[in-house]
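Undergrad: These two chains come separately, so use the hints to put the complex back together.
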Amino acid sequence: MESESTNPNNDLRAIRDIMERSSRFLSLSGLAGIFAGLCALIGAFFAWFYIFNSDKERFGEFLRSTDVSITSGIGLYLSLDAILVLVAAILGAACFSRRKARQAGQPVWTPTTRRLIIHLAIPLLTGGIFILILTLRNHLELVASVMLIFYGLSLVNAGKFTFSEIHYLGLTEIVLGILAGVFVSQGLLVWTIGFGLMHLLYGSIMYYRYERQKKVV
Amino acid sequence: MKNPISNLQKVFESRIRLGIMSALMVNDTLDFNTLKGLLGLTDGNLASHLKALEQQEIIVVSKQFIGRKTSTSYKATGHGRELFRRHLAALEKLINQK
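Listed in order, the protein sequences are those of chains A and S. FYI, in this note's numbering the residues of the first sequence are 1221 to 1437. FYI, in this note's numbering the residues of the second sequence are 754 to 851.
One chain only, chain S, in its complex shape (with noise of 0.2 Å):
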C-alpha cells in the first residue's frame, strides 16, 4: 500500500499557508485585508507567507485600483488546489488509519 504521507504537501505543513489555502478554496478571491483579518496575522507575517505561496504557484496575485488605493487580491490556482485537496486526503488516510 502507498504511504499516504507522500501525498502530505511540504507547503501546507505551516498552519499558516494552510489556513489561507483554506479561506481560498471557498472563496473565489479574497483581499489582503480580509485575509489578515480571518487570519489574525500581522502584515509581515501574511505577506511573507503569501509570497512563498505564490512563488510555487499555488495561488495567483493580483493588483487592482479602487479610487486611489491599491487593493492587492489573491485568488487560488488550479494548481493549488490539487495540491490542496491530495493534502486533504492524506489527512483523512493518516486519521482513519489511526
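Isolated chain A, as found in the complex (with noise of 0.2 Å):
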C-alpha cells in the first residue's frame, strides 16, 4: 500500500475495496456450494435406495407407514444420512473458504466471520430443534419442508454478510420449502432440488463469477 495518494479515482476504488473486504465474508467459494450439492445429492441417493428397499413404492406412502420413528430403522437411517451430509457440507464449506483466503492472502477468522456465523446459525438451530420436535411428534412429511424453509431464512440472514448470491440462494430455498410443504408426497424430490441441484447452480454460479475470472487475470 502506498502511503501518499494522488489520484482521486485511485483513493475512491481503495476506499470501496477495504469497505467491502471490511463489511462482507469475501472467502466464500464457490466450489463449497458445489461441494455441499453432491453431499445432498448422494445423500439423497441413499434415502430414496433406502425407501425403495422397504417395499414402499412412494414417498408419501413411506411417510404414512406407522413404522417410521426416530427409533425404528428407517428413522435411525435417514437421521444419520442426514446428519452425515450436513457435517461433510460444513467441513466442505470450511475447508474451501479457508483456500481460498489463504490464496488471497486474507485473515479467515475476522470479525465479519464471526457476525455470518451467528447470523447464519440462529435460524439454522432454530430449525434443527424444530425438526427434532417434528420428528419425536412423528410430524415425518414436514421436515424436508421445514429444513428447506429454515435454511433459506438462515441464507437470507447471512447473506447480508456475504456475495449476494446467498440472499437469493435463501430465497429460492424458502420458495422451494413452501413448496414441499403444499405438495408433501414430494418432499424428498423438492429437498433434492433444493439442497442438491441449487447448491450446484449458485455455487457454479459464485465460482465462474468471482474465482475463475481471476485466475485468468
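A couple of the hints might just be wrong.
Below are the PhoX-like pairs computed for lysine-lysine, each with C-alpha atoms no more than 25 Å apart in a straight line [stated by the list, open to error]:
(1) A:LYS1320 / S:LYS789
(2) A:LYS1380 / S:LYS828
(3) S:LYS828 / S:LYS816
(4) S:LYS846 / S:LYS822
(5) S:LYS828 / S:LYS789
(6) A:LYS1380 / S:LYS789
(7) S:LYS763 / S:LYS789
(8) S:LYS822 / S:LYS763
(9) A:LYS1320 / A:LYS1380
Rather than coming from a laboratory, the hints here were simulated on the basis of the structure. Just so you know, these numbers come straight off a predicted model, no measurement behind them.
TA: If you want it as C-alpha cells, here you go:
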C-alpha cells in the first residue's frame, strides 16, 4: 500500500475495496456450494435407495407408514444420512473458504466471519430443534419442508455479510420449502432439488463470477 | 463556484489513514489486529496513523480486558464521519470535473 495518494479515482477504489473487505465475508468459495450440492445428492440417493428397498412405492406412502419413527431402523438410517450430509457440507465449506482466503492472502477468522456464522446459526439451530420436535411427534412429512424453509431463512439472514448470491439462494430455498409443504408427497424430491441442484447451480455461478476470472487475469 | 479541493481533508491524504477510516465507516468498532490484517500493515506503522487520527478526534480508542489480554478497539467519532463524508464528496466532485 502506497502511503501518499494523488489520484481521486484510485482513492475511491481503495475506499470501496476496504469497505467491502471489512464488512463482507468474501472468502466463501463457490466450490463449497458445489461440494455441498454433491453431498446432498449422494445423501438423497441413499435415502431413495433405502425407501425403495423398504417395499414402499412412493415417498408419501412411506411417510404415512406407522413404523417410521426416530427409533425405528428407517428413522435412524435417515437421521444418520442427513447428519452425515450436514457435517460433510460444513467441513467442505470451511476447507474451501480457508483455501480461498489463503490464496488471496486474507485472514479467515475476522469479526465479519463471526457475524456471518452467528446470523447463519440462529435460524438454523432453531430449525434443527423444531425438526427434532416434528420427528419426535411423528410429523415426518413436514421435515423436508421445514429444513428448506429454515435453511433459506438462515441464508437470507447471513446474506448481508457475504455475496448477494447467498441472499437469492436463501429466497429460492424458502420458496421450495413452501412448495414441499404443499406437495408433501414430493418432499424428498423437492429436498433434492433445494439442497442438491440449487447448491450446484449457485455454487457454479459464484465460482464462475468471482473465482475463475481471477485465474485468467 | 466553490473550489472542491477546499473540502479535501488533509488528514485523509495518507492512503493508510483513508483505509482505516473506510473500515471504521462500515464497522461499529474494530480491534487493532483486525485493522492490521485488513490493511496489511506493521504494528508500528498502523499505531502511528491511529495516534494521528485519535489526536484529531476522528476516532476514539477504548481498551478492555479479554481474560488477561488487553484488547484495543477503535471507533469513528461523529466529527470523523462528517469529515470523511466531506472528503468523499470532494473526491467525487474532482472526478466529475475531469
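Undergrad: Each hint should be assessed against the structure and marked as holding or not.
TA: Here is how each hint holds up against the structure:
1. A:LYS1320 / S:LYS789: With a Cα-Cα distance of about 20 Å, the restraint between A:LYS1320 and S:LYS789 holds, given a limit of 25 Å.
2. A:LYS1380 / S:LYS828: 21 Å, holds
3. S:LYS828 / S:LYS816: Within the cut-off at roughly 11 Å; holds.
4. S:LYS846 / S:LYS822: Violated, because 45 Å separates the two Cα atoms, which is more than 25 Å.
5. S:LYS828 / S:LYS789: 15 Å, holds
6. A:LYS1380 / S:LYS789: 24 Å, holds
7. S:LYS763 / S:LYS789: Distance of about 23 Å is within 25 Å: holds.
8. S:LYS822 / S:LYS763: Outside the cut-off at roughly 35 Å; violated.
9. A:LYS1320 / A:LYS1380: Distance of about 20 Å is within 25 Å: holds.
Going down the numbered hints, you'll see the structure goes against 4 and 8, while the others check out.
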